[in-house]
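**Student:** Take each chain as given, in its own frame, and dock them per the hints.
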Amino acid sequence: MSTTVSPMLVRLAAERATGALLRDHGTLYLVDGQVVHAESPASPGIDVLLTSAGRLPAEDWQEAVDRAGTRGRVGRFLVDSGRLADGELELCHLSALFDAAFFALAPGSGPTRFRYGAAHWLGRIRPVSAAVVERESQRRRRLLDELWPYPDTDTAPVVRRTTPSGQPVTPRQRAVLDLADGERTPGDIARALGRPAFHTLIDVRRLAAAGTVATPRVAPTAPSPVPAWVAQVADDPDTALLRRLRDALEASL
Amino acid sequence: MANTETTLKEAMTSIEGTIGVALVDYTSGMALGTLGGGKDLDLTVAAAGNTDVVRAKVRTMEHLGLKDEIEDILITLGGQYHLIRLLKGRGANGLFLYLALDKGRANLAMARHQLKKIEAELDL
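Those protein sequences? They're chains A and B, same order as listed. Just so you know, we're using the working numbering here: the first sequence kicks off at 1132 and counts up by one. Just so you know, we're using the working numbering here: the second sequence kicks off at 5 and counts up by one.
Keep in mind that the hints were calculated from the coordinates and are not lab data. A virtual CB, placed ideally from N, CA and C, is assigned to each residue, including glycine. Keep in mind that the hints are not guaranteed to be accurate.
[As the list claims (entries may be wrong)] From the structure, some residues in chain B lie toward chain A, with a derived Cβ separation under 7 Å:
(1) N7
(2) S32
(3) L36
(4) V62
(5) R63
(6) E66
(7) L126
Next up, chain B with everything else stripped away, as it sits in the complex (with noise of 0.2 Å):
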């Protein structure tokens, strides 16, 4: 039974190459916790403009009329990786775990498998 700072201490120490790790409320904008980041990662700030990134992909889906979840988001810039993963347990109402990969160290595949991992101790 993981808590917040667990699973986000989980994220930050198993996965290769995290450089942050957030727990975010989407409809608020809220970043419930944060671990890493630094002064080149404001991580609260990245909690709230990545929930309009996921709010902007949701009304596509409506629009589109796709009757389908989102799992996660990848978007992938010059040197990092930026992993949002939406959140399914009876208590995550609208969370999403977001996380940040350096590029050069990161392994994309792992890191999506062992977030899924963590979301599923993370018991919600």
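Extracted from the complex, chain A is given alone in its bound form (with noise of 0.2 Å):
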């Protein structure tokens, strides 16, 4: 097995912990020890997911918020109310917290805390197993290396090469292109399109292995002029040692 990001989530799920496993790039919510949702900046949420593809309307949306919010109901409401189906809000939900949760559990990102008790206000959805949503985002984030072995794609700014790859762009790609201006980021074009921010980094690791897409180049560190202990030097300066420094150097000229 491989080894866990979030030794926490194993433990919390273990013991059926019901509260929000805050993260420094996102949220998982648990109801005994089962992800119920999860919310990363770095991710458009269901709302966006929801209401960009022109599926529900926003006013809609912000009406089953209103209505339903305090009660931890929102979820419910909609299908409920008819405004969508349960298969539908089910997949989307789905989409959404997985989306979430790979970045939440990005490794190494900070200090981990759990807040007990915390309940999210869209409600229970489908639940899934913490151990399934970990094993999840470590799959994503293998096939993305996969991919294309380069990081900094999906963080970068995407930028299409002017010289004509040759190679075919699907249809869902080909959005992605057309978005691309230069200053756009994955995670903004994801956001604009109503899909999934790892969705989009599939997409733009693709085209960039396609050459269709510029893959950044790390900008090299540029190297110290002067060795690092310079700058300690120079915080406490030992004026007898420089007096010595320049008598010597005076005397050997």
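**Tutor:** Next up, the structure:
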């Protein structure tokens, strides 16, 4: 078995905890140790996925949040009021959950905290076991690296190459390319299209591998003109040493 | 109004000879739901692998300049049929149903027909 990303998640799942697991790049919501929702600033939320594609008018979403948010039953409300089909909500929710979890469970993303009892207003839709969420996040990370092992492609602005690569572009990728203006990052494009962020990372890595978009060059860190210890010395100038040095130099010249 | 679980259950019980069934998101390669399978057929692995099959066909169609859509893909093994049906509903952007059938017990024409019907019931 591969090593776990978050030992805390494993422990919380084992003790069937309820609450919110906060990490640097996102939050996982647990009920009885199962993951019921996830959010990340790096991925479009379920509201964006539902409203951008025109599946749900933005006002319908707002109404559902207003009327059922405090009871934590927004998902249920959307289905019961006939605005969304059961299957549609479930699939869109799973899509958002795994997308956000991928970023929330990014390796080495700082300290982890758990707020016991915290619940998400969306409500329970389809809980997923923490082990499945973690395994899927790891599979996704491996998949990206197999496609094109340049992680900077995920965060840098997407730049189209001027020379045509001659590689065919699928309709899904075409939509991504159309928004690649040299400023938008894959995350921005995902949000604009109302698609999961991970799916856009996949599209961009494939396009980069095919040579259709540029692979960002990691800017080489400029070598420092002087060794690092110089700065430390400068903080605390040893005037006596400097004076001896000057004297010695004068004597020898 | 069927959700994923009832849809997979229906496929499993109503289509003769079904070994396993999965609902797969083909961009990420993730199985959103699986039923059946077992130790001889890991549906999660099958789901991820078959996204490459779908993508290869989509790419080939782009190369050929075919302006059409894939309805389903059939793979015939010695002892099994594997049927991939690309879903078309509003919320089905990039999903497919993957069905593994026992060749000896299955009726292929019937299975394709039923899978089509199940897709229609999976209200997306």
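**Student:** Against this structure, judge whether each hint is valid.
**Tutor:** Consistency of the hints with the structure:
{"no.": "1", "hint": "N7", "result": "holds (5 Å)"}
{"no.": "2", "hint": "S32", "result": "holds (6 Å)"}
{"no.": "3", "hint": "L36", "result": "holds (5 Å)"}
{"no.": "4", "hint": "V62", "result": "holds (6 Å)"}
{"no.": "5", "hint": "R63", "result": "holds (6 Å)"}
{"no.": "6", "hint": "E66", "result": "holds (4 Å)"}
{"no.": "7", "hint": "L126", "result": "holds (5 Å)"}
Hint compliance for this structure: no hint is broken.
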